[in-house]
Structures are given as C-alpha cells and as structure tokens.
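Listed below, chain by chain, are the residues.
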Amino acid sequence: MASPRMSSRASAYSALLPAFIVLAVVYIGSTVWTMWMSLTGSRMLPNNNFVGLRNYEILFSNDRWITSVHNLAFFGVLFVAISLALGFLLAVAIDQKVRSEDSWRSVYLYPYSMSFVVTGLVWQWLLNPTLGIQKLVRDMGFETFTFDWIAHAETVLYCLVIAGVWHAAGLVMAIMLAGLRGVDEDIWKAARVDGLPTWRVYASVVTPMLGASFATAGVLLSTSVVRLYDLSVAMTRGGPGIASEVPAKFVMDHLFERANISLATAAATSMLITVIAVVAPYMYWRTRVAARGRA
Amino acid sequence: MSLQSEVDIRDVSVRFGNVQVLEKLNLKIAPSEFIVLLGPSGCGKSTLLNAIAGLLDVSDGQMWIGGRNVTWEEPKDRGIAMVFQSYALYPRMSVKKNMSFGLEVAGTPRAEIEARVAEAAQMLKLTPLLERKPAALSGGQRQRVAIGRALVRKVGVYLFDEPLSNLDAQLRAELRVEIKRLHARLGATMIYVTHDQIEALTLADRIAVMQGGVIQQLAAPKDIYRRPVNRFVASFVGSPAMNFIAGRVEAGLFFHAGDYRIPLAGYAFAGAPAAGAATLGIRPEHVLAGHEAGPDAIAAKVEMVEPMGADTLIWSRLPDGASLSIRHAADAAVREGDTLPVSFPADALSVFDDTPAGARL
Ligand SMILES: Nc1ncnc2c1ncn2[C@@H]1O[C@H](COP(=O)(O)OP(=O)(O)OP(=O)(O)O)[C@@H](O)[C@H]1O
Ligand SMILES: [Mg+2]
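In the order they appear, the protein sequences are chains A and B. Sequential numbering of the first sequence, starting at 1, is according to the numbering used here. Sequential numbering of the second sequence, starting at 1001, is according to the numbering used here.
Calculated directly from the structure, the hints in this document are not laboratory data. Keep in mind that a hint or two might mislead.
Keeping only pairs whose Cα atoms sit at most 27 Å apart, straight-line, the calculated DSSO-like set for lysine-lysine is [unchecked claim]:
| id | chain 1 | residue 1 | chain 2 | residue 2 |
| --- | --- | --- | --- | --- |
| 1 | B | LYS1024 | B | LYS1097 |
| 2 | A | LYS97 | A | LYS189 |
| 3 | B | LYS1125 | A | LYS97 |
| 4 | B | LYS1222 | A | LYS97 |
| 5 | B | LYS1222 | B | LYS1180 |
| 6 | A | LYS189 | B | LYS1301 |
| 7 | B | LYS1125 | B | LYS1154 |
| 8 | B | LYS1076 | B | LYS1097 |
| 9 | B | LYS1133 | A | LYS135 |
| 10 | A | LYS189 | B | LYS1097 |
| 11 | B | LYS1180 | B | LYS1097 |
| 12 | B | LYS1024 | A | LYS189 |
| 13 | B | LYS1222 | B | LYS1028 |
| 14 | B | LYS1076 | B | LYS1028 |
| 15 | B | LYS1097 | B | LYS1133 |
| 16 | B | LYS1133 | B | LYS1076 |
| 17 | B | LYS1222 | B | LYS1154 |
| 18 | B | LYS1125 | B | LYS1097 |
| 19 | A | LYS189 | B | LYS1222 |
| 20 | A | LYS189 | B | LYS1133 |
| 21 | B | LYS1028 | B | LYS1125 |
| 22 | B | LYS1154 | B | LYS1097 |
| 23 | B | LYS1125 | B | LYS1180 |
| 24 | B | LYS1180 | A | LYS189 |
| 25 | B | LYS1154 | B | LYS1028 |
| 26 | B | LYS1180 | B | LYS1076 |
| 27 | B | LYS1133 | B | LYS1154 |
Derived coverage of chain A by chain B (criterion: at least 3 residues anywhere in the stretch with Cβ under 8 Å from a Cβ of chain B; other residues may be distant) [as the list claims (entries may be wrong)]:
| id | region |
| --- | --- |
| 28 | 202-211 |
| 29 | 228-236 |
Virtual Cβ for every residue (Gly too), placed ideally from N, Cα, C.
Next comes chain B alone, as it looks inside the complex (with noise of 0.2 Å):
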C-alpha cells in the first residue's frame, strides 16, 4: 500500500483581498518525503497547506502533485488526504463511520470499505472504538479517528495541520512517535504543519522555516540547527536560544566584541570573509566552560543557575555586557556570582552580517 507522490509547488501567491499571505513560493517536496513547515504564528503555514489541499484557491503559480497539475482541481481529485487541529471529525456518527462515510459517498465498493477501515484501525489501535462517537473519546483518541479517516483515503500525500497542539505535552510524544511510525511503514509523502521545533526536528526528513509568508531555509533538521541561514530561523530554532553577541569580524579571522576577541580560524565562511559588522552566535551547549575553556577562555559573570535535572543552564555575562546562557553538565559546582571562563569552539559558531535579514556570513 505505498502510494508515493512527489508536490511541486511553483510561484505560488495567496492573497486575501489585498493581503499578500505567500508570495512566488517555490517548494518541491520528493515522493515519500516528510517535510514539516515550521514558523511562528500567521507566518502563513496553514495557509500554504490549504492550498496544497485546494481549500483555497491560490491566486497565481502552479500545483503539482504526482506528476498532475491540480491547481484547479477539487481537494477529493487531488490524491491528498488532511488532518487538523481541531480534529474537524463527524460528531454524530460514530469513529467507524467517521473513517468509512467519504469512501461510502464516493461509492467504493463496501467490502474495500470494510477492508480499508478494519486496517486503519487496526494501525492506529481504533478497533476497540469503532462502534463509540467521537464525544466519548479522548483527544488522543479523537486525533487518532482523524488520522485514520485520512488513512483509509489511501493516498500518495498526508496533510497535517498542528494535529498535536490541542494534546497535553505526553500524549503529543506518544502520537508523535506514531506518527513517525506511520510515515515508516507508509512511505507516503507527508506534509505537517507545526510551531513545536521539537516535533519539526524529530519528524521531519527536511524542515522548511517559514517567516511572513517565506521559506527561509529548507534543510535537514542537523543542517538547520548547526547552520541556520539566517538570525531568524538560528533564533526561531533550539530552545534556549541561541546566543547572539554584536561585534566585528576583523581581518586576520577574529571577531571582535567589547575588548576581547574570539578566534574564526576553522569556521567555515559561506563566501570569502571580509571584515565588518556582525554578530555572531552560538548555542548554550556548544559554549566550553570552566577547565574545558582553553587558554584563551573569556571570563563570564554567572547570574543565575537553573538545575534542569539532566542538565544545568548557566545565565552570565560577557565583560561586554552581552548574555550568554551555557548549557553545562548537571554536576558543576557553579555558583551565582562565579566567574567563569569560557571560549566558543570555531566549528559550532554561525557568523551573521548586520543587515536586517542578518544572513549568514
């Protein structure tokens, strides 16, 4: 049961009345391929997904999907099926006739139909439930009746729309992990709409950060945290953040902030460097701390310790009084108060130029 279609989105605009939501996207997405959309609220994910779905029409570009053009045809004909939030299931009818009614109107035959829903059911742990209606059913549960109504559509793209974020923090693991397990033994091309980073990295094959209506890096998830293309996406990605600290990167391949300098040599510069204003980032756990330091270590003032049980989260400060939370192992006898010595590994930094956009150097 592999149905496997590749999505070309082609110079796609949406725009509601005289508002641009998306503009000339471009987006292709491999057969069974898993590509979460990822980006802050109203950056126009939802937006993009209805339109794959043909919910909304697009006002300009193309949209293939198998090999089709579909960019005017109805959401049935285009071999696509969609989760949602809300889970959106059928209230009065219960969960087997919520997955078995689309097939039924389409007029498949009722053995297929039978077929079809014993074995969504049967993948999502549904069989017991059949017979109950969705009021008296878990969120889990509910979400799950959603899943497998759009299962038993067998088709080659699955449409998600933050399908998680109306469950509590252990449910939404579970369900993610099978979800997961679904893509795997589907191999169907999933497409999943969500503003949790840990579920964007988990899930995806490739992440695609979105910000006000444009994609700003796609990339696998390693690629996106270790080198993100730009401010946005390296803040929008990692929790705690990344660290920012303002200076100049000077010839000679050091970057200069306040009075002390830190070494470029063995980063990896996207063009040929020039020296300027930039800023330069990192993330807490790829700060060397304490003995780790080295030599050249530049001394930080700590204000604040948090014990987060595996690990412990250092806030300080920079002698030029930039922050800088370190991710340090759980047992260091780190004080408030202390000073701590502290250097910045060249292979984990990412450089950004001080334009707004903040790309990377």
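Bound conformation, chain A alone (with noise of 0.2 Å):
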C-alpha cells in the first residue's frame, strides 16, 4: 500500500522538478544577482567592485527617476480608478439583458487582444493633432477645435491614461460580469418585493458582493501598472521632454542605451522593494481573513 504511494508521490517531485528549477535559476538567482548589481560600480559590463548604497543615492536625486515614479504613480491611479468604474459601469450596462450581449461583449474585450505596442500606435496616431481626432473634426468644419494633450507636458500622462483605459476596461468588465452573474437571482427578486430601486441593489447590495472581483481585476490592473513601458515608449517615448517617462523605461534605457547597470538595476531593485512593500501587508491581511473565514 505505502510503496506505490511513494513512488507516485516521487514522479510527481521528479516531473516538477524542471519547474522548480526554472523558478529558482531564473527568477530568484536573476532578483538576486540584479539586486547584488545595484551594489556593485558595474557600467557597461557587470563587475563586482562592492559601492555600498552610492547607486540609490544617484538613483534618487536624479530628476528623471523621480519624474518616472511621479508619472507612474499618477497614471496608477487614474488608470486603475477608471478603468475599474468603467469597467464596471459596463458590466451593468450589458448585465440589463440587453439584445446581441455576445457581441458587445466581444467588442469590448477585443482591446485587450492587442498588445501595448499596438495600443499605443493607435492612439499615438488618433491623439496626433495633425494627423488624428483633432484633425479629422478640423474637417469637419470646425476649424477651432483642438485636443493635442499628446503634445504638452502637463497633458500628456493623461492620454497614457486613456489608451490604458481602452485597453484594460473590456477585461475588467468581462471579470465583473461574470460576478454579476454569479449573483442569485432570488436576490434580485427580494430585492424588487422590497422596492428597492435598480440603482440602490447595485450600489447598496451586489457591488458590496463583488469583492472578489474588483479585488481580482485591481490585481490585474495594478501588474500592468508596474510594467507600463511599451505604452510610453510606442506613444510619446517619454516625451514631451521627460513628462511620460516611466520607472520600467528608465530600467530599459540605462541598461542598453546609457550603458550604465549598476544604477538601472538599482532601479528595478526600488521597483520590487515598492511592489513587496504594497503587496505583503494586503497578503498577510487576505490570509488573516480566510483563516477567520474559515474560523
């Protein structure tokens, strides 16, 4: 009896083992091996002449850095607000029965298809005063008319805001739908012998049951926050100036363009400090609620 469980347990080890392997060479040697280079003087080629803290001191006193987590930080949250409310908004509306639902939900998700870059080349195209919106209703005859928020520094972030938004709202909403869905149907049924109004059982009723699902997508969205740097780079290249410069693309650029490892992986090491600091108290408080769940 005790044998072939053994052996079965023992091919399951040995058939993750590759995995496990993977994971430990690749992704915690590489953490490990970018956060010994942030203390290292490493330029264009790795070296190991230990510096101490020196990177993080030039890393936060450079104006671009800073610039980078500002911007990130911005576009974060306007990003994820919206693109959650959005998102949201949407599932109701398509949650009303409406007529033809499979295909509203297809338009809205085929976004989400297409990668940043591609996201990015569009809208840097649509928000080109010469060549896109503002263009196309100058047209038309209204020859005042501008929206070339692409083009000046102070506007700029919002127009990443708004191709992330046409990007990520069509998933959010399919995640939202599907937890509306999930609702009992009898609860919308007490609810109307109770007269409460659509509105109220939304607001006061299922979206406080929808917490799954908000946290989910705002998982999602937050990872893709992190990563912001195809959307940058295929849209503005950071510009105008250094207004939509992001802490992924001062990463990038410092490890290939400016030949200068040691402060770009300083860099990538304040990122994944920042990302531990958010994510492991919301960890430790999610695994305090499931024990008290389960409790």
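Put the two chains together into one complex; each comes in its own frame, and the hints tell you how they fit.
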C-alpha cells in the first residue's frame, strides 16, 4: 500500500523538478543578481566592485527617475480607478439583458487582445494633432477645435491613461460581468419585493458582493501599471521632454542605451521593494481574512 | 397587527415565449387562509407564485389582492411579502439591516422600523443574532431571517416558495411548526409552495394540487387525501402511495378484477354508477388484513415485510398479479410467503374511470 504511493509522489516531484529549477535559477537567481549588481559599480559590463548604496543616492537625486516615479503613481491611480469604474459600468450595462450581448462582450474585450505596442501606436496616431481626432474634427468644419494633449507636458499623462483604459476596461468588464452573473436571481427578486430601485440594489447589495471581482481586477490592473513601458515608448517615447517617462523605461534605457548597469539595477530593485511593500501587507490581510472565514 | 387580504386569480395565463406554463388559471383565496400549492417539479408552482408577487408579467387575466386589481402593479405595491427557497438574504448586511433595509429605502420612520424589527426578531427568536452577517448563521437561522424580512413589511399576503427544502429533516419539522404558529398569530393570508406532501397536509387550510400548470384539485387536506378527484392526485398524495387495481365496475355494484370481486355497496359514487372498465384505489392503511378481513376476504401473497417502527409495511400480490401494499400493526406476525386474507372497506375506496385523466367515479 505505502510503496506505490511513495513512488507516485516521487514521480510527481521529479516531474515538477525542472519547473522548480527554472523558478530557482531564472526568477530568484536573477532577482538576487539584480540586487547585487545595484550595490556594485558596474557600468557597461557587470563587475563586482562593492560600492554600498551609492547607486541609490544617485538614483534618488536623479530628476528623470523622480519624474518617472511620480508619473507612474499618477498614471496608476487614474488608470486603475477609471478602468475599474468604467469596466464595472459596462458590465452593469450589459447585465441589463441587452440584445446581442455576445457581440457587445467581444467588442469590449477586443482591445485587450492587442499588445500595448499596437494600442500605443493606434492612440499615438489618434491623438496626434496633425493626423488624428483634432484634424478629423477640424476637417468637418470646426476650425478652432483643439485636442493636442499629447503634445503638452502637463497633459500627456492623460493620453497614456486614455489608451490604457481603452485597453483594459473590457477585461474589467468581463470579470465584473462574471461576478454579476454569479448573484443569485432570488436576491434580485427579494429586492424587487422590498421595493429597492435597481440602482440601489447595485450600490448597496450587489457591489459589496463583488469584492473578489474587484480585487482580481485590481491586482491584474496593478501589475500592468508596474510593467508600464511599451505604452510610453510607442505613444510618446517618454516625451515631451521627460513628461511621460516611467520607471521601467528608465531601467531599460540605462541598461541598454546608457550602459549603466548598476543604476538600472538599483532602479529595478527599488521598484521590486515598492511592490513588495505594497503587496505584503495585502497578502497578510488576505490570509487573515481567509483564516477568519474558515474559523 | 392583523392585515388580511383575499387573493383572487382570474383566468391568469403565463407564457414564456411560446411555452404556455399556466393557462386560464382561477384561484380564489379567502382572507387569512393558508393555501399550499403542491405538485411535482416543473408544474408551474413557482411561476404562479411569482405571478402573484408581480415578479413576472401575466400574459392574460387579472390578479386581485385585497380587493384591488394589481395585475400591473409593482411587487412592492401589491401588499405582499415573499420568502425564497435560497433565502436570498443580502449577504453583506447584518441580520438587522436585512430586515430594515427595505423599510429604510421606503422612508418608514426610524422608530417604526426599530419597533417592527424588534417585534419580528422576538417572534422568530432572532434577537441575539441581530448584528451577525448571514454567512455566520445556520441554514435554519438564515431562513428565519428571510421570514423576518417578510414579516416587517406588515402586509396582508405572505408568499413562500419552498422555504424549507434546503434544510435537513429535523429543522424542517421545527420551522414547519413555527410557520404554522406564525400563521395562527398573524392571521394573514399565506400561499405556500412545496412539493413535500407532509408540509402540505400539516400546514394547509386548503391544498391546490397542480400538474402541468393546471390545478387538479383544490380542497382541504383531508378531502385531498380521502377523496382525490383523479388518479394523479391520488397517486401524488400519500406515502407509501395508494394501491391501484385495474378491473371493471359491474352492475350489482361489484368491482371485478381477475377472478375476485370487491363489493362496492356503500361507496359514494359521484354520479350514477355505470358499468365499465375502471381502476380501484385504496390506501395501504385502509386495507383490512388478517382476522379483520372478514368472510369475503381475498387471499394476498406476502412478498416482503418492512418493519417501520410504529407500524409494518407489507408488500403483497393479489391473485390477478396486482401488487398491494398494506400498512399493518407493528406486532403483526406476518412473514414472507404467507397468505394473508385482505378486504377493502367500500367507504375507504376510490374508483376512477379509465380515461387518461382517470376521473373519480
Ligand atoms: N424563464 C423561463 N423560460 C422558459 N420556461 C420557463 C421559465 N421559467 C420556468 N419555465 C418553465 O415553466 C415550467 C414551470 O416552472 P416552475 O418553476 O413554475 O416549476 P415549479 O413547479 O416551481 O417546479 P419546482 O418544484 O422544480 O420548483 C417548467 O416547465 C419550466 O421549464
Ligand atoms: Mg419552484
């Protein structure tokens, strides 16, 4: 009895072993190496001259880095909030038993199937004052119409947000719609008997039930915030000036164009630490909640 | 606090696309009556209840509640409250909030809400649970909260859609008694859907037995049980089910099956008794067996004996091969293979004609 189970366990482990090795070497190994590099004086090629935290001092007195971090925070808050709100509203709209629901769902989900690069290029063109929306409206006879946010440092980030939301709202909609469909039909009936207006049911009864859907969507959106790179490259190349620079682009540029490995890895490590600082308390809270739910 | 409304359902039809679920259904329910809608799955019980509640539109006919034509009114304006099988509590609200929320939205004064919630909670023994969320309650407690949410509406008609079928047998029995007590105390009209005949027989003033969207019989539980109007009602109500024996009604008032005869003298025929093919029905507990059977007994062959505690169920076969179940005293010394004399008292019989519907003769 015992030996077949042992052997099946052993074979399970041996089947998983390559994955473990990949995980250990590629992820953990690379992370540790990156952290180490940020403490050295590596320039174009890696070396092991320990310099302490000097790269971090340079990094946090670097204007471009500070701007990148601010930009990311600004973008992240707007992008996540608007995507969640818009996705939720779209889901509610589709939840009203509209006709040809399937086609609506596909239409809204379509943008998500495109890469950020394509999305960025499309919106770069649409928002370009001499080619896109502004030109179109002016050609229709509204000569004074201006829509040139992408050309101004103060407004360019909104353009990134628009493109990002366009890309992600459909996904949020799909997640939210699944959540809405999971709400017991009888709850709607009970609410009708109670005389609750539809908006009130969404606001006070259904939305609180969608906590898990909001969390899922929020986590997915946050990961694309941290990774934000291609959108900025494709739409604005970080411009005008450094007005739409983002941390990932800072890392890539210093790694490959500016041959400053140690500064790039210091930036990457800072991003990692920030993410951990945000995620760890959240994970802790989740396990606490789960444990309380089980008790 | 005794609001009572009569409910009058007039020629109501309900269609889903081209599926006709209810057709020209009529049902008049007196104020303060407890009506149970009983029937097999898919017969349209929930559909009828939802139509009364206004949760789905009728395609034809009228709905009158408390003397008002409410056919096109919203559920909240009909003077009804409803309890659902799945409880349908608002999961993120406390027990108290579940009960008070509808009233708050309707703009009922605070003090009034407090009073109603306190009263309902006290009636349903929910007072210690008021601050809990539904997730922290047992099934029985949840259903009590759902009933409480209906009670605070203080309406004339309460609708229940299989409220107990998600509960285990013991809780079901407990809550059944509680609902009966509630009805006695409130005196409100109650319409209760179930496919559990024990619930139907114990709770109802009148039972409406439904099949295929049609009310087959509407009568007091005793009459449904004793005098079913057709074979469907006879076979649906009662457990173990009524025995059926195919044969003929003959002049001289005998029921002739195989090579034995059952006297029908004393049977209350609905019309003038006519000779012809028919089916005879008798409930297992009405069969007289052993020394009770009398001189004209028929010899039944015992095939299986099931002791059930309070009594014993005997599965036997009549000479013509028809099977017959007999409920007998628990101490009966009957064994497999025995021959048991049985007879059928005429006043406990049901005789059905041989049309597909099998109407009572
Ligand atoms: N929305 C709908 N669209 C089409 N047909 C429906 C719909 N709702 C119910 N029906 C049909 O109407 C009939 C009656 O349904 P109903 O829910 O009233 O049955 P029920 O008697 O309550 O059964 P149960 O005991 O299983 O709850 C069923 O045949 C069902 O398939
Ligand atoms: Mg039903």
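So, going through the hints one by one against the coordinates:
{"no.": "1", "hint": "LYS1024(B) with LYS1097(B)", "verdict": "40 Å, violated"}
{"no.": "2", "hint": "LYS97(A) with LYS189(A)", "verdict": "15 Å, holds"}
{"no.": "3", "hint": "LYS1125(B) with LYS97(A)", "verdict": "40 Å, violated"}
{"no.": "4", "hint": "LYS1222(B) with LYS97(A)", "verdict": "46 Å, violated"}
{"no.": "5", "hint": "LYS1222(B) with LYS1180(B)", "verdict": "17 Å, holds"}
{"no.": "6", "hint": "LYS189(A) with LYS1301(B)", "verdict": "55 Å, violated"}
{"no.": "7", "hint": "LYS1125(B) with LYS1154(B)", "verdict": "18 Å, holds"}
{"no.": "8", "hint": "LYS1076(B) with LYS1097(B)", "verdict": "18 Å, holds"}
{"no.": "9", "hint": "LYS1133(B) with LYS135(A)", "verdict": "57 Å, violated"}
{"no.": "10", "hint": "LYS189(A) with LYS1097(B)", "verdict": "17 Å, holds"}
{"no.": "11", "hint": "LYS1180(B) with LYS1097(B)", "verdict": "26 Å, holds"}
{"no.": "12", "hint": "LYS1024(B) with LYS189(A)", "verdict": "25 Å, holds"}
{"no.": "13", "hint": "LYS1222(B) with LYS1028(B)", "verdict": "19 Å, holds"}
{"no.": "14", "hint": "LYS1076(B) with LYS1028(B)", "verdict": "21 Å, holds"}
{"no.": "15", "hint": "LYS1097(B) with LYS1133(B)", "verdict": "9 Å, holds"}
{"no.": "16", "hint": "LYS1133(B) with LYS1076(B)", "verdict": "25 Å, holds"}
{"no.": "17", "hint": "LYS1222(B) with LYS1154(B)", "verdict": "31 Å, violated"}
{"no.": "18", "hint": "LYS1125(B) with LYS1097(B)", "verdict": "16 Å, holds"}
{"no.": "19", "hint": "LYS189(A) with LYS1222(B)", "verdict": "34 Å, violated"}
{"no.": "20", "hint": "LYS189(A) with LYS1133(B)", "verdict": "20 Å, holds"}
{"no.": "21", "hint": "LYS1028(B) with LYS1125(B)", "verdict": "33 Å, violated"}
{"no.": "22", "hint": "LYS1154(B) with LYS1097(B)", "verdict": "17 Å, holds"}
{"no.": "23", "hint": "LYS1125(B) with LYS1180(B)", "verdict": "15 Å, holds"}
{"no.": "24", "hint": "LYS1180(B) with LYS189(A)", "verdict": "25 Å, holds"}
{"no.": "25", "hint": "LYS1154(B) with LYS1028(B)", "verdict": "22 Å, holds"}
{"no.": "26", "hint": "LYS1180(B) with LYS1076(B)", "verdict": "25 Å, holds"}
{"no.": "27", "hint": "LYS1133(B) with LYS1154(B)", "verdict": "23 Å, holds"}
{"no.": "28", "hint": "202-211", "verdict": "holds (count 4)"}
{"no.": "29", "hint": "228-236", "verdict": "violated (count 0)"}
The structure is inconsistent with the numbered hints 1, 3, 4, 6, 9, 17, 19, 21, 29, although it conforms to all the rest.
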